[in-house]
Every structure is written in structure tokens, then in C-alpha cells.
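Enquirer: Read top to bottom, the protein sequences are chains A and B. Take the first sequence: its position 194, counting from 1, is numbered 194 in our numbering, and each next residue is one higher. Take the second sequence: its position 79, counting from 1, is numbered 79 in our numbering, and each next residue is one higher.
Read the hints as simulated data drawn from the structure, not as lab findings. Where hints are given, some of them may not hold.
[What the hints assert, rightly or not] Over 10 Å on every C-beta distance to chain A, these chain B residues come out as not near it, computed from the model: (1) S165; (2) E170; (3) D198; (4) I374.
[To be verified] The list that follows gives simulated cross-link-like pairs (lysine to any residue, SDA-like), each with its CA atoms no further than 20 Å apart: (5) A:K273 to B:G39; (6) B:K24 to A:E358; (7) A:K456 to A:P366; (8) B:K116 to B:R105; (9) B:K24 to A:Y350; (10) B:K114 to B:I180.
Everything numeric in this text was worked out from a predicted model, so none of it was measured. Glycine included, C-beta positions come from ideal geometry on N, C-alpha and C.
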Amino acid sequence: MYTVSLTSLLLAVLVIGGVYFYLGQRWGARQWLASVKLHSLPRYYGFWAGMVAAVPALLLLVSLSLADDFLFKSMLKDFYPDDVINGGGVARAIAFTQVMNFVEGIHFGAPESWVREAGDAWVGWQRVADRVIAVITIGCALVAGFFAFRQINPSFRARNGVERIILWALIASSTIAILTTIGIVLSVLFESIRFFKLVPIQDFIFGLEWNPQFEGAERAGSGGGTATYGMLPMFVGTFLISFVALTVAVPVGLFSAIYLAEYASHRTRSVVKPLLEILAGVPTVVYGFFAALTVAPFIRAVGASFGVEVASESALAAGLVMGVMIIPFISSLSDDVINAVPQSLRDAAYGLGSTKSEAIRQVVLPSALPGIVAAIILAVSRAIGETMIVVMAAGLAANLSFNPLDAVTTVTSQIVTILVGDQEFESAKTLSAFALALVLIIITLGLNFFALQVVKRYREQYD
Amino acid sequence: MIDSNTSGALTPEETAIRVAATLKRRGFSERRFRYLGVGAITLALCFLVFLFAGILSKGIPGMFQHYVTLEVMLDKERMDPKGDMSVGSLYSGDAVSLVGEALLRTLGDPEGRKDKRAARSILSSGSALRLTEFALKHPELIGQRVPVKLAVDDDIDSFMRGFISRDTPESDRRLSDRTIEFVDVLNQASLISYEFSDYLFLGSASRNAEIAGIKGALMGSIWTLGVCLLIAFPLGVATAVYLEEIAPKNRMTEIIEININNLAAVPSVVFGIMGLAIFIIAFGLPRSIPLVGGIVLALMTLPTIIISSRASIRAVPPSIRDAALAIGASKMQTILHHVIPPALPGMLTGTIIGMAQALGETAPLLMIGMVAFIVDVPGGVVEPATALPVQIFMWADFAERMFIQKTSAAIIVLLAFLITMNAGAIILRKKLERRWL
Chain A
1 MYTVSLTSLL LAVLVIGGVY FYLGQRWGAR QWLASVKLHS LPRYYGFWAG MVAAVPALLL
61 LVSLSLADDF LFKSMLKDFY PDDVINGGGV ARAIAFTQVM NFVEGIHFGA PESWVREAGD
121 AWVGWQRVAD RVIAVITIGC ALVAGFFAFR QINPSFRARN GVERIILWAL IASSTIAILT
181 TIGIVLSVLF ESIRFFKLVP IQDFIFGLEW NPQFEGAERA GSGGGTATYG MLPMFVGTFL
241 ISFVALTVAV PVGLFSAIYL AEYASHRTRS VVKPLLEILA GVPTVVYGFF AALTVAPFIR
301 AVGASFGVEV ASESALAAGL VMGVMIIPFI SSLSDDVINA VPQSLRDAAY GLGSTKSEAI
361 RQVVLPSALP GIVAAIILAV SRAIGETMIV VMAAGLAANL SFNPLDAVTT VTSQIVTILV
421 GDQEFESAKT LSAFALALVL IIITLGLNFF ALQVVKRYRE QYD
Chain B
1 MIDSNTSGAL TPEETAIRVA ATLKRRGFSE RRFRYLGVGA ITLALCFLVF LFAGILSKGI
61 PGMFQHYVTL EVMLDKERMD PKGDMSVGSL YSGDAVSLVG EALLRTLGDP EGRKDKRAAR
121 SILSSGSALR LTEFALKHPE LIGQRVPVKL AVDDDIDSFM RGFISRDTPE SDRRLSDRTI
181 EFVDVLNQAS LISYEFSDYL FLGSASRNAE IAGIKGALMG SIWTLGVCLL IAFPLGVATA
241 VYLEEIAPKN RMTEIIEINI NNLAAVPSVV FGIMGLAIFI IAFGLPRSIP LVGGIVLALM
301 TLPTIIISSR ASIRAVPPSI RDAALAIGAS KMQTILHHVI PPALPGMLTG TIIGMAQALG
361 ETAPLLMIGM VAFIVDVPGG VVEPATALPV QIFMWADFAE RMFIQKTSAA IIVLLAFLIT
421 MNAGAIILRK KLERRWL
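Isolated chain B (complex conformation):
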């Protein structure tokens, strides 16, 4: 400034002028800083929206598929060659040609091998099986001509959705012109319908996109999570109780605590490697079974459960323990009757969150072989199985267009489970958690 006083310090007026000169710049930088924060949050939320929009936009159509309704003659002799209506007899029946005949009749009995082949390519290869299952469910209809709803092949489905254009030259297209003509015939007779896919939830693993379903994978996940819960919950709660209530402050306790923290940091794929090396190679347990998968996931989620259980035990006020001890309860009675019950909601919340983690986990299950192509729905913890996220991983590798939609639909199912579990955990916490004064 022009006339500063002799000591070199600024007068209040001079300071005010200097500060005022910087205010505009500082205000600007203040706003910029704030906008950066808003921008960062917006960006992160945009990612979230993109992710969910991408999955939903593909997955919701993936929950539906095209069916064609055909009048099929359920010929007694050919459906049921042994004539005893037994399961074995029906499965050995000739449903394939019955379906084929019904289709060709609907299309006005085309002549020539090429036309017949073009017509047959409309139906899914799972149609005969579906007819057999239909007959098993409705044995009274055998011998009659009944309308049966059959899935169309995945290429036809893609065509109906407009992913395969009829303007593409025939040689570049997965469908022949003749097939498209037949589809048009069926469409004009309004025999093709677009409905909720019953294969998605009831079908097992298949290489054919139109009949592939997640039933087997879902059951596999349920068995695996069941094993995981049975192991992780008791072990986690017991460890938390021991560390919080009983353990002396010594070297051993310290080692246990360090180990738990380290386990929380170990990448999940390493747990899979341990499962492979110990349970499969060393103990000789079979590959691909939910028992091993559940054990591995339990060891992986253990730190989560221990940490949250410890927090909820710590939240029980010491006065409760003192009161119990004062009226003559033993240490163990205090813990079992007066510390664990109020801490239980918190423990369950942590367990549910841990289970949700385990449900979404893929890499360790790949390591222990739960990635095999398994058609049968697993009926127990020692039967080969796969899991929902692994099924998603496997389907994501298939090139067929319809598998992209089915994969997205499976992802929606997985996310729905996860959201339900997490919401359940939140509700549980809100409802049961006691507030201590």
C-alpha cells in the first residue's frame, strides 16, 4: 500500500483493503471446491445409475421370451410306447416327431428336406422334453389334440426382438429366408407370444439359451450358503464372545486379533486356493460340492461376522454385566443370558451382511471346481453343484445374443437377493436393536 506506517505492520483499514481485494478470488475458489465435491458425487452416482440401467435394460427383456403355441396330437402309442403311463415309458416316447408334425401341419405341410429343416429350426431343441413333461403333468389329455406352448429357438427369439434384420443378406444371417417366411406365417396366425420365461427359474443349465435356467445354480447357492451360515455364525459369535468377554490381554489374544485383521485383507481368490489345496487335494473331498464351497466362504466371511459381533457385544453396557454378577450369576451365565441376547440383533445383522458377501462371491468357487457344467439340480451338500454368480460368469462367456439377456436376468435375480438380504439386515437392526441410555 502507499503509505504504510513505520513499524511495517498494517493498519486495520489496510488489512481490510487487502482482504477485500482477495475476496472475489477466494469466493470463486470456494465455489469451485464445492462444485468439485458435488461433481464427484454426481459422477459416482452416475456410474451407479449406468450400471443399474445397463443391467435392467438387458435383464428385464431377458426375463421374457417368445413361445409358439401349437396344436399337438398327443398320440397315445407314440407318447407312451409301453402303455403304462410310467415316467420311463413317457421319456422313451417319440415326442420329437409329434412336435415336428404339429409344426409342419401348422405351416401347411411344406415339402422338401430343406423346407422341413428350415421349419424345424424354429422350435427350441428342448421342445420334445417339454411336451413329455406336459404329458406327465396332464395324463388325462393323452390321445387328444391339445394346444401346447413351446419355446422358440434363440435365433428366432433374437429375430422377433429385431436383433436379426431381414434386410441383411441371407448368407450373413443366422436365419435362412425360408425360416423367416415360416416365422411370418406363425406370426400372422398370432401363434407366437411374448411371455414371462418359465425356463429362467425352472430350467437347468443348458447350452441352448432359450431353455437355460438358473434353478440348479440357485439351489447350489442356497446349499452353499446354508453350509456357510452353519459354520460361520457359531464360529464367528464364539470367537467374538471369547475375545471380548473372556480372553486375557496376552500375546495369544493379540496374535488372534492380528490374524483376523489379516484374513479380512486376504483376496478372496486365495481362500479358494487354500480350499483347493487343503480340502480337495489333501483331504480328498470331491470337487464342485457345496460342502467345500460353504466351508471356504465361511472362512472368508468369518472376519466380517467376528468384527460386527464384537462391536455389538461392546455396545452392551457394563452395568448389565455387573448387575448379573452381583446377583450371583457365574461369568458364563452372565455372558450366555445377559450379554449375548441383547447383542444378538447386531450379530445377526453382521452375519446377514457377511452372507450377502458370500452369495456374490465367485473367485473362490471357481478354484474349488464349482464351475462345471451341471445339469442336475443339486439335492444336497455333497452333490456337484454350481452357484448363481458362477453361472453368471459361465453364461457371460457364451456368444449367443440371448445369453446376454439371460445373464442380465440372472444378475437381476442375484441383485434382488442381495438387496433383500441387506434391507433385511437394516430392518432387523432398526427393529431389534436396543438403545441403551
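The following block holds chain A by itself, in its conformation from the complex:
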């Protein structure tokens, strides 16, 4: 069985584009040598022919190869037995997986006859589709290139054409940011809406118990407990860990920033600032490992020596390490803000006889306050979205507790626990992760927006 692979098709299209570039450029160069007056430089004729040949063909190739699976998926429906069709999304997802496994050659026992038929049909379609796509894209490249090359004549505005293509490519690239945002919002929103159909939204927001583990048991009807989806315990856990992190990061970060901005010599500053920024560059998985392996046992031992029971995965350990991680966010941002305070304000304070620290406390800090608050808000947003440290060090127990010595869980660590490994896409448990992600996005973007507003106000005062 021979199938044309995507890579070789891609190469083929690029080679065709290259050939047309060469042809166009050679044509231009000959005219040039023959002293014919050309509108554009010779290479633009080449670029025009090559781009017209390759760009639409590449777009076609990518969209066709993405589209064919959708088409086949809907065509598979004819093969499903009635109970699968009536069985809703779950049954269809299972049936589809069965067919895919058959196609890949993974069988557990003899597959049912309809699976075999559907699988064979799928392989057949795939083979046809591969050839059709190959013919279409290569044909498109050849034909488009041919017409572009025929279009060329000395008064043809090749440069303008090429620049138009580049301009559209630039515009298309800059819309990726919008598309990504839309993608994030839609992917999370759709699944969340499906989740809220299964679990009422007020139960989710105000529920005091988080217990999705019973989902399977409930579905199997074996009893043993009901799955509950109240997000408050995680919300409290997230808040608790972020609070611990901030009690470390805000004083350390702020005082470091003040010292670096106001007291430190240029040399100290140029050494210390990059050193502090290393803390932000260390991957979070390393912090998680450090928290779980070194900090948590240390806190437990200290607690034991005072006769205090500390959970082996405590909010304190995760929070402390997270605090270290966000020190540079606070120190760097605050440092910038403090430096932005006009020197005239300090000079005025000195002129009135204040000491350096009095000037800082009573003049510089109050005027830098909005910026510092914004820095802290951004650090909070960072702490709430942080994942690996809490996954590795804070545990999974959804306790509704305000005690930093208890094990708590966070929104991000629950998302990871639910979505890592095997999951059924239709279950309330899986969908709940998307609802949590929605909450996470709303909170972090809200904080970000709030911080921007604070900064905007601050700017208005000075400029």
C-alpha cells in the first residue's frame, strides 16, 4: 500500500515553487541583459511566480489534510449499529476509538464485524484521499505557477504583487494572537457549558465539597458516594497558597527593589539584579521537586520539633517555594516603578532635611504605590496560575481549610490531575476541568486587567 506522505507533498510543492522562481527570475534577468525596461527588479518576477505557485497550494494542502478526517468521521456514521447511534456521545466516541484501533492494527480479540467493515472503509477512504490531495495540491501549484509565469511581461508590476502577498502574510500572522485567544475561550467555554448542563452552576460556584472521584462509581451504579463538584475548597486552597507566597515575596521583593533602586551602587545592582532574575528563570518543575523533596520534609521536621502536626504535603511548603519564585516579578517591576519616580521629588524631600529613608518612605513609595500595587497584582495572578509546584508539593486532598499546615489543593493542580492520563471526554469529571480552567482564565485576566487600570491611572498623574 503506497500513501504519499505529507512531508514529501510539502517538499514537492516547495520544489515546484522553486522551479517557477528560477524560471521567472531567469526571464527577468534575460530582459535585463537585453536592456528591456522592466517595471521591477528581475528577482521580483521570480518571487511572484514562485509565491503564486507555492502559497495557495500549501494552504490547500494543510486545510485538506485537516478536513479529511472530519469528512470520514461523519461518513463512519453509516457503519455504526443502531445502539451506538442512539447511545449518545459516549457510545459514539467509544465506537470511533474501536474503529481507529482496528485501523492501527491494535485488536483485543476479534473485532466485531461492523468495526472491521468500518475500519476497512476508513483505510480505503484514506488511500483515496491521500491521492486526491496529492493530485489537487500539485496540480494547483503547477497550474497557478504556470498562469503567474504567463502573466509576466516587462510592464507587469511584480514587486507590487509580491509586496501585497507579504503584506497579507504579515496581517495573517498578527491575527494569530486573536485566533489563539478565541481558541482558548471557545474551547474552554463550550465544554464548561456542557458541564453546567450536568452540574448546576450555583452548585459549582458555592459548593463546599469537591469529590469527582466518585464519578465512575456513580455511573456504574455501585453506590459508595456521589460525585460533588463544589469549587470552594480549591478556591480556598489556591487563595491560601497564594497568600503564603505573597507573605514571602512581597516584603523580600519590595525591600530588594528599594535597596537596588535607591541605595545600591551601580556595580552591586548589575550583579544582584540578574542573580535575582535567575529565580524567575528556573523551571517550575525544578521548584516543585525542591519543594516536595527538601522544603516539605524540613517544615515537617520543624513542626514535629515544636510538637505541631504538619501534613507531608502542606500549603506552607508549596507557598514558600512559590513565594521564592515570584520574588523577581515583584522586585523587577517595583524597581522599574521606583526608578520612574522623578528625581526632583527626592531632591525636594532632601531639601526639606529628610533622611534618605524618610524620603523613600514618605515621598518615593507613595508616588510609586500604584505601580507597586500593579506589580503585586501581577504576582498574584502568576501565583494563581502556577501549576507544577502545587501539583508536586501541595497534594490533591480537597480540604476546605485555612490552615497553611494542612494539605490543600488548587484549581490548577485539579485540572492537571483530571486531564492527565486516560479520561472519558463525555464525563462530568473531565468536563469539570474545563469549568475550572474557565474560572482560572476569568480570575487571571481579571487581575491583569485590574493591574493595567491601576498602572494607567498612575501614568496619568505623571505625564
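With chain A's structure known, arrange chain B on it following the hints.
Expert: Frame of chain A, contents of chain B only:
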């Protein structure tokens, strides 16, 4: 003061006395404030030192491990049952019993099942495979008795490092007394050596700590970063060029800018969820492949690259553009030939920093399934793979003592890559960046 004048204002002398009275307190509070700053910086740097000391103290020993050198008879018939020296034939050979016999012979042929089992537990379960690979590399040695260096089991390794004490009662220990006696025999014959672990860089994922390595994860990271770079760099530069040089100041541009800022604030795990929902569920791409991982990381690092690229484009003085336009270059020619080249070092610096971020990122890769146990080294962007930080995350979960060291060693490798990339970015900036007057 005692005799203040009638208007209520203080005379200069009185002010001086009042101020002088407060000077000591104010000086003290000045010094205290300063010390607080020094203290905060010291504390932050202490955290840094602790972090690195903790990782290095565990990770550097983790780069080494114990090996035992045995005289193994590379019996032709048993190594190569088909007799054609083909790969398939060697892999179907009976290297297991050859290794076992060599070990038992070295230990003076102990009798009894229990003793034999105790002896065999010294060697790593990957020893037979290592012997086969050795034979594949040195086919000329087959039929001879040659010294072969084999890894010891991770419990023996921990024992050699002193983490398992022989004073612990046998029932509480992972090693039997008999095994320890055998280890002593080997040790006295100085057959056990402590060397740089070749498994760390050349071994693939394994549940056995002594033969586990990061090769597969490292290749996975390289493929993922490759995809990420190919997508993020062109897109980021193109977006930056469009926004800085071409875009009209209108609503659309404003929306794009707001979106970029928002994307920079979205937690990385959310990008993973988007990757799961769009590329895996909706587009039906397979799980665990570097292609999807690279796309997700590219979207995540895009804001970093766009922001730094915009800054470096802005740093190109307008006079350059004016000069190009004045001698008849078109707008696009000005941008392509006169704005992008001088801005390129800054763009590359931002890209390298973005790539370093992507290299350390774990959470989004967990979401798209790059967390599977994958033994094969990935050979392309559509083969199942894992990545270095994910491997660290997985190893951190294993309870074996030796995995802690291996994890720390893997972290050192990851940090070394990150430091190299960041240092590269700094050097690039210093070397190539042009200072405009």
C-alpha cells in the same frame, strides 16, 4: 522649648536643637531601613544558593553510578543462536544466563537457590541487554572471555553510597545479608567501580533507576522546541513588524495588542487545555507528539517574542527608514532591507529567551499527553515523545532513592541548557546589537 518667642515660630537655634534631638533616632531608623534592604536581598540570594546547592549536591552524585566488572564468556552458540551475527539473532540470544554464570563464577559458585537469587539481585536487570549491545559493537570478541562492565542494581548502588546501613536488621532492609556478603566479596576483589553514568545520557526511560536515562526525553524536547521555533519565530517577527511598521492606528490594531498582552497573562496550563481541546479532540491529531507540543508552546511563547521584537524594531532610528524611502525604496523594501536586519539580533535574543521558557515548561505538555511512558527515542515530530521537564516530573514521583539522584542529575542537564541559552542570548545581544547615536 522654654522661651519661645511671641509669634509661635521657632528661632533657628531652637529648630537646630529640636532636630538634633531627633537625629539619633532618625539615624537609627535610616540604618534599620537600609539593613532591611540588605537583608531582603541576602535572603533572596540565600534561597537561590539553597536551591542550587540542593540540586547540585544530589545531582552530581546522580551523574555517577556503580558498575561491576565481570569476566563474561561470550559463548558463540548462546550469544548468537542463528549463527549469522545478525541483530535479530543476537537479541534472541541467551545473554541472561551468560551474565548470571559469570557473576556466580566470580562469587565462587554459591550453591542453593536462595544464594543464587541473592547473587543475581546484585546486577541490574538491564545487564543482559548491555551484554548483547556490547557483543553487537565488538563482534570480534565473541567466543572469548572478556571483562564487561555492568551496572549494579539501584539498591546495591544505594548500599555502596551508604544510604542502606548494614546495621539495620535484615527484615527492615531492602537487601538481604547474603547479598551484602556477596557485594563485599566483589568489593574486596575491587571489581566494583564508581564511574560516570553512561546510562544517564544514553539510556531511555525505564522503571529501573540504574538504567534509566534522559536520551528519549532530550530528543523529545529537541523535536518539540524545533517545531516551536519554526512556528513562533516567523509568526512573532511578522506580527511585530506588522504592528510596529504597517498597522494603522485603529480598533483592529488595538484589539490585537490587547490580545497579545492577555495571552502573556494566561497561565501556561490553559494553553495545554486549548491544545487538548483543539488539536487533539477537534482536529484529531494523536496525543503525546512533539508536533502538538511544539504548536502549543509556540502559541505560549509568541507574546514574549512579539514584545521583544517590537522593542528592537522601535530601537531602529527613524532616520534609517527616511533615508531608504528617500532613495526610492518601497515601504516593504525599507522594512525588509533596512529595518529588519539591524533589529534581528534583538529579535533573536527575545526568541532565545522565549525558547528557554518553552524548554522549561511542563504543565501544557502534561495536558496534551506527553507524559506517557515512552521507551523508544522519538525519531520525528509525529512520534510519541516526552520532554525533559516532563521526565523530571515523572521521575520525581518514583520512590526509589536512586531516582532522586537521577532526577537531580536531569535537572542539572535542564538547567545547563537553560543557562547556555540565556548566556547565548546575552552574548548575542552584546556582540551584534548596534548602538545608534
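Enquirer: For the pair supplied as a hint, B:K116 and B:R105, is the alpha-carbon distance within the 20 Å limit?
Expert: holds, 11 Å
Enquirer: Given the hinted pair B:K24 and A:Y350, is their Cα-Cα distance within 20 Å?
Expert: Cα-Cα ~17 Å, so holds.
Enquirer: Is B:K24 close enough to A:E358, meaning Cα to Cα at most 20 Å?
Expert: Distance of about 14 Å is within 20 Å: holds.
Enquirer: Hinted pair, alpha-carbon criterion (20 Å max): B:K114, B:I180. Please report holds or violated.
Expert: Holds, at about 13 Å.
Enquirer: Checking the smallest CB distance to chain A, is B:I374 really beyond 10 Å?
Expert: holds, 14 Å
Enquirer: Just double-check B:E170 for me: nearest Cβ-Cβ distance to chain A has to come out over 10 Å.
Expert: Holds, because the least Cβ-Cβ distance between B:E170 and chain A comes to about 27 Å, which exceeds 10 Å.
Enquirer: For the pair supplied as a hint, A:K456 and A:P366, is the alpha-carbon distance within the 20 Å limit?
Expert: holds, 16 Å
Enquirer: Confirm or reject the statement that B:S165 sits farther than 10 Å, beta carbon to beta carbon, from all of chain A.
Expert: holds, 19 Å
Enquirer: Just want to verify: B:D198 was marked as not at the interface with chain A; is every Cβ pair farther apart than 10 Å?
Expert: holds, 24 Å
Enquirer: Within 20 Å, alpha carbon to alpha carbon, are A:K273 and B:G39?
Expert: holds, 15 Å
Of the numbered hints stated above, none is contradicted by the structure.
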